[in-house]
Amino acid sequence: MKRLISSCNTSAPECPDSGEWADVARALEALEHQPPSQLADHGCDCCRGARGWFQATARAMACLDSATPRWIRERWQWGPQEWPLWWCQAVERDQIDCGAFAALTREAFAATGQRTVSVQLIERFDARTVDNWMARWSGEAHTSWLFGKFCYHEAVGLVTVLQINSHRQSLRIWDPVDTCWVEHRHVAGYGSVVACRVLPASPACRDEAAEYDWRGHMLQVGCWHVLG
Amino acid sequence: MISGLDLEVRWLANLGIPGVLVPPPRALDHTAKPATAVAATLGLRVPEFISLDEEETDLLRFCRWYDWDLWVKGPNYEAIRVRRWDDVLAARDMLRDTWGEKGLYLQAHVEGQEVAVAFAAYRGELLDAVFMEKRLLVEGGKTWAGHVRECPELLCEKIAGVLSNIGWMGGGEVECVKDCQGALWLIDWNPRFPAWIHGSTLAGHNLPAALVGRATGLEPQRPCQRIADQFIRVTLEVPVRDGLPLPPIPLVRHHKGGHSKHPSGMPLLMRRLSGPILDTMCPSKRKPSGTLADCIQEDLREALRDSHVTPRRAFLPRSASAAFEQAVCGVASAMDELGIQVSLCYSVKTNPDAKLLALARANGLLAEVIGPNEAEWATACGFALRDVVYNGPLTPPLRRDGQLYRAVFADSLPSLRLLIDRAQPAAEVFGARLRPPGLDSRFGIDVGEPRVFSELVGVLRRLPSDAQLGVSFHMQSSTWGIRRWVAIAEAVVAYATELCKASRARLALLNLGGGWNPEDFGAFLRDFLPPFVRAVRQQQPAIRTFLLEPGKALAQSSSALMTTVTEIRRGSASADVVVDAGVCDLPEAEHLPHVILAESHDSTLFQLQGGADRILGRLCMEKDILARSVTVPDFLREGDHLVFLGAGAYDTSMAYRFGLGGSGEATNQ
Chain A
1 MKRLISSCNT SAPECPDSGE WADVARALEA LEHQPPSQLA DHGCDCCRGA
51 RGWFQATARA MACLDSATPR WIRERWQWGP QEWPLWWCQA VERDQIDCGA
101 FAALTREAFA ATGQRTVSVQ LIERFDARTV DNWMARWSGE AHTSWLFGKF
151 CYHEAVGLVT VLQINSHRQS LRIWDPVDTC WVEHRHVAGY GSVVACRVLP
201 ASPACRDEAA EYDWRGHMLQ VGCWHVLG
Chain B
1 MISGLDLEVR WLANLGIPGV LVPPPRALDH TAKPATAVAA TLGLRVPEFI
51 SLDEEETDLL RFCRWYDWDL WVKGPNYEAI RVRRWDDVLA ARDMLRDTWG
101 EKGLYLQAHV EGQEVAVAFA AYRGELLDAV FMEKRLLVEG GKTWAGHVRE
151 CPELLCEKIA GVLSNIGWMG GGEVECVKDC QGALWLIDWN PRFPAWIHGS
201 TLAGHNLPAA LVGRATGLEP QRPCQRIADQ FIRVTLEVPV RDGLPLPPIP
251 LVRHHKGGHS KHPSGMPLLM RRLSGPILDT MCPSKRKPSG TLADCIQEDL
301 REALRDSHVT PRRAFLPRSA SAAFEQAVCG VASAMDELGI QVSLCYSVKT
351 NPDAKLLALA RANGLLAEVI GPNEAEWATA CGFALRDVVY NGPLTPPLRR
401 DGQLYRAVFA DSLPSLRLLI DRAQPAAEVF GARLRPPGLD SRFGIDVGEP
451 RVFSELVGVL RRLPSDAQLG VSFHMQSSTW GIRRWVAIAE AVVAYATELC
501 KASRARLALL NLGGGWNPED FGAFLRDFLP PFVRAVRQQQ PAIRTFLLEP
551 GKALAQSSSA LMTTVTEIRR GSASADVVVD AGVCDLPEAE HLPHVILAES
601 HDSTLFQLQG GADRILGRLC MEKDILARSV TVPDFLREGD HLVFLGAGAY
651 DTSMAYRFGL GGSGEATNQ
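Protein sequences, first through last, are from chains A and B. Number 172 in the numbering used here belongs to position 172 of the first sequence; there are no gaps in the numbering. Number 45 in the numbering used here belongs to position 45 of the second sequence; there are no gaps in the numbering.
Among the clues, some could well be false.
Mimicking SDA-like on lysine to any residue, the simulated pairs with C-alpha atoms at most 20 Å apart in a straight line are [as the list claims (entries may be wrong)]: (1) B/Lys142 to B/Thr41; (2) B/Lys355 to B/Ala384; (3) B/Lys134 to A/Cys47; (4) B/Lys501 to A/Cys44; (5) B/Lys501 to A/Ala67; (6) B/Lys102 to B/Arg272; (7) B/Lys501 to A/Cys46; (8) B/Lys349 to B/Pro372; (9) B/Lys134 to B/Tyr122; (10) B/Lys178 to A/Ser66; (11) B/Lys134 to B/Gln113; (12) B/Lys501 to A/Asp41; (13) B/Lys355 to B/Gly339; (14) B/Lys178 to A/Cys46; (15) B/Lys178 to A/Asp41; (16) B/Lys102 to B/Ala90; (17) B/Lys158 to B/Thr41; (18) B/Lys178 to A/Arg70; (19) B/Lys178 to B/Arg222; (20) A/Lys149 to A/Ser170; (21) B/Lys102 to B/Asn14; (22) B/Lys178 to A/Trp181; (23) B/Lys134 to A/Glu183; (24) B/Lys501 to A/Ala110; (25) B/Lys178 to A/Glu183; (26) B/Lys134 to A/Gly43; (27) B/Lys501 to A/His42; (28) B/Lys349 to B/Ser321; (29) B/Lys178 to A/Thr179; (30) B/Lys134 to A/Asp178; (31) B/Lys501 to A/Gln55; (32) B/Lys501 to A/Gly43; (33) B/Lys501 to A/Cys47; (34) B/Lys102 to B/Val234.
A short list of chain B residues far from chain A (calculated; beta carbon distances all over 12 Å) [claimed, not checked]: (35) Arg45; (36) Gly161; (37) Arg484; (38) Val492; (39) Thr497; (40) Ser503.
Hints in this document: simulated from the structure, not taken from any laboratory. Note that the coordinates shown come from a computational prediction; the quantities given were computed from them, not determined experimentally. Backbone N, C-alpha and C define an ideal beta-carbon position, used for all residues, glycine too.
Please model the entire structure based on the sequences and the hints provided.
Here is the structure:
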């Protein structure tokens, strides 16, 4: 827990009580070494074709529909899946989880020339909601993303403003499952973000900034930031 | 007294009853929809609009220009989103039936987030205001949930300035759309508190209380407490005491006009108020009527002089030539700028008249065909097969003479496989017609499906290494709008690029087509084609040739339908004119308006203006209405001529013989 930064106070923090705090701490510990989800590639025509189709569709939909890739959520349902997920499987599936949504969304933004980073979130819900997800996931995939009232979620950071002569870059965080900007969501209560971490879009990315400005907070890459 | 109904506010304002907290009439006039003056003062944009009183050809141009994403709006109530001409007419008729004739307009849609400012003012003094982001909207655009925030200071100051200048009294709402760049577009200025006003009170801003307190001098008994910045609406069923009258049992009947949606009686009030009170509303953005080009006037004079037999389709040689020459000049200018080859194609199906094919050939166009019969017709009209582009849906049969088409595009994967597997090639360039996702079309290969995309890659890999790949895309620009058409074309290029990458094929040719209105094609060549071609070449540097098939842009003005008035039925409010032609002679009249000319007794031609009169055809069919919204000139008598312009494309090629008995002559000449 030494990398935990708890000083990022928001305008309306809602600090977890001591019982809840244990769940958040458990989540942070469990997720300390959790990398952002990546789709796997067989390195042959099956995945090359699938990825080519996806990139073409991302560029086409940017022309036809919207600057944000909402089409991904319209095409795929949210639900359990097994990992690893290969590109050739992903395009044929009807249902994917938030990690796959985030991976596809990063690819879609990149296909239209936009820079992204991975964003990991811990969100607050309530016991009934989490129980429901637990039941839904337990038969088909692991449930290690659920922690009491809290759950792990993956989003996509869109690098928006490059400040010349500075390492500071601004970030907008896109929730690929709810198809909204996370900064537009409420800062407390059901569905609020309790903690977040920014990581490079892929392990191969070397040129990301060390920190990003999000909603007036400086988010250090690789560190969990507790928001409330 | 505070009113919550727009029309009632206007009525009360004109009564001038003391103690009624409504704005003065001049304030209502200043903020009447579409509220351009007040928007300018507030620094807000207003989406482009046009009065629905304008001529239908002007309305149609407006629809095309704004990509067929528009709203039909009334001066007080209701806004109906429309995407097709039939929708426009239906929405207009429905609003007219409900609210009357005045003040209806068509407004361009702006994509973005809906927001609103609610305010209360007393004698021009702003008492309080809140800003609300709409979070849930139900059918009809009603706010069902929202997030209330402090009104941005600058906007609040500007609203206060406007209210002060016009002496506003009462509640009000400024409804806007915030686009993706953050700019605010004024959609409506409503002269009363919005229905969600209790949401403002929950957020600690009781605007009605502030208004009443200021008007009466009474302080509220309890200060307004902030409970929540967010609200959601619920509806409740409540018990009704025995003996209280419910409305009478509604009859289920086919809906035609009228509205059960307004139990408040507002449509009735609208009819009562129609007259001077409403005459000032919704200023029309009237454009001067276009004058007819000299070549059309000359052609028409000749056509009318030569024969008075009607109904008759008159070929207009000067107009036809002018269309081809303008297109060729427009392409030449674009090519100068682009340094690439852009070839025009003439769509044979649009009008297979040999005179038009001769013009196409004389102007250096290729012929584009949809089947073997058209290909034979094109060669019979003098085109070499290498100047013919074959664009399905039928797969071209094997040619025994060994000649090659300039290009052949398959409409499906089986068709493409067949073409590639033939020992003898069909064309210099092979290719496929693509359909990107989200388009309601039966044509082209559905590359939006990954399995289809993957199969297509496999088929393209079987192309010989020296083969030249072509990709075709055809959609009617006139039904999608120019910008939307370009966006779809860009989407097709995105797929073509990935297909080439995956199959290692080389894209040599792009065939773009489809149904430009003659008025739009020049603008497309000048303003849209150059940036599009540049963007394509960035993705596909090897591409050498663009084939452009403008469809009806070349043929539409080449003929006119001459008719004779057989009867005029003048009613108290409108007139019906019956002519000796029908929709069989002008099949596009069902869906699209035409420019119509009336010949006066001194042979001068007058263009019919917009209005409430109709022109009916000669057929015993309900749909035989050639125009629905024109003004019949006073001078028009039975035996006079009406001329329908722009009848040279599908109005000619799809005309059919009907209602003429066995010995009548077809009008399709």
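Cross-check of the supplied hints:
1. B/Lys142 to B/Thr41: violated, 27 Å
2. B/Lys355 to B/Ala384: holds, 17 Å
3. B/Lys134 to A/Cys47: violated, 42 Å
4. B/Lys501 to A/Cys44: With Cα atoms ~14 Å apart, B/Lys501 and A/Cys44 stay inside 20 Å; holds.
5. B/Lys501 to A/Ala67: Roughly 24 Å between the alpha carbons, so the hint for B/Lys501 and A/Ala67 is violated.
6. B/Lys102 to B/Arg272: holds, 13 Å
7. B/Lys501 to A/Cys46: holds, 14 Å
8. B/Lys349 to B/Pro372: The given pair, whose Cα atoms are some 12 Å apart, holds under the 20 Å limit.
9. B/Lys134 to B/Tyr122: violated, 26 Å
10. B/Lys178 to A/Ser66: holds, 15 Å
11. B/Lys134 to B/Gln113: holds, 8 Å
12. B/Lys501 to A/Asp41: Holds, at roughly 17 Å.
13. B/Lys355 to B/Gly339: Roughly 32 Å separates the two Cα atoms, so the pair is violated.
14. B/Lys178 to A/Cys46: violated, 43 Å
15. B/Lys178 to A/Asp41: violated, 41 Å
16. B/Lys102 to B/Ala90: holds, 16 Å
17. B/Lys158 to B/Thr41: holds, 7 Å
18. B/Lys178 to A/Arg70: holds, 19 Å
19. B/Lys178 to B/Arg222: violated, 35 Å
20. A/Lys149 to A/Ser170: Distance of about 30 Å is beyond 20 Å: violated.
21. B/Lys102 to B/Asn14: Measuring from Cα to Cα gives roughly 18 Å; hence the hint holds.
22. B/Lys178 to A/Trp181: holds, 15 Å
23. B/Lys134 to A/Glu183: holds, 16 Å
24. B/Lys501 to A/Ala110: holds, 17 Å
25. B/Lys178 to A/Glu183: holds, 17 Å
26. B/Lys134 to A/Gly43: violated, 46 Å
27. B/Lys501 to A/His42: Judged against 20 Å, a Cα distance of about 18 Å means the pair holds.
28. B/Lys349 to B/Ser321: holds, 18 Å
29. B/Lys178 to A/Thr179: holds, 18 Å
30. B/Lys134 to A/Asp178: holds, 17 Å
31. B/Lys501 to A/Gln55: holds, 11 Å
32. B/Lys501 to A/Gly43: Roughly 15 Å between the alpha carbons, so the hint for B/Lys501 and A/Gly43 holds.
33. B/Lys501 to A/Cys47: Roughly 13 Å between the alpha carbons, so the hint for B/Lys501 and A/Cys47 holds.
34. B/Lys102 to B/Val234: Violated. B/Lys102 to B/Val234 sits at ~35 Å, over the 20 Å cutoff.
35. Arg45: Holds: least Cβ distance 19 Å, greater than 12 Å.
36. Gly161: holds, 30 Å
37. Arg484: violated, 8 Å
38. Val492: violated, 8 Å
39. Thr497: Incorrect as stated: the minimum Cβ-Cβ distance to chain A is 7 Å, not above 12 Å.
40. Ser503: violated, 9 Å
When each numbered hint is compared with the structure, violations occur for hints 1, 3, 5, 9, 13, 14, 15, 19, 20, 26, 34, 37, 38, 39 and 40.
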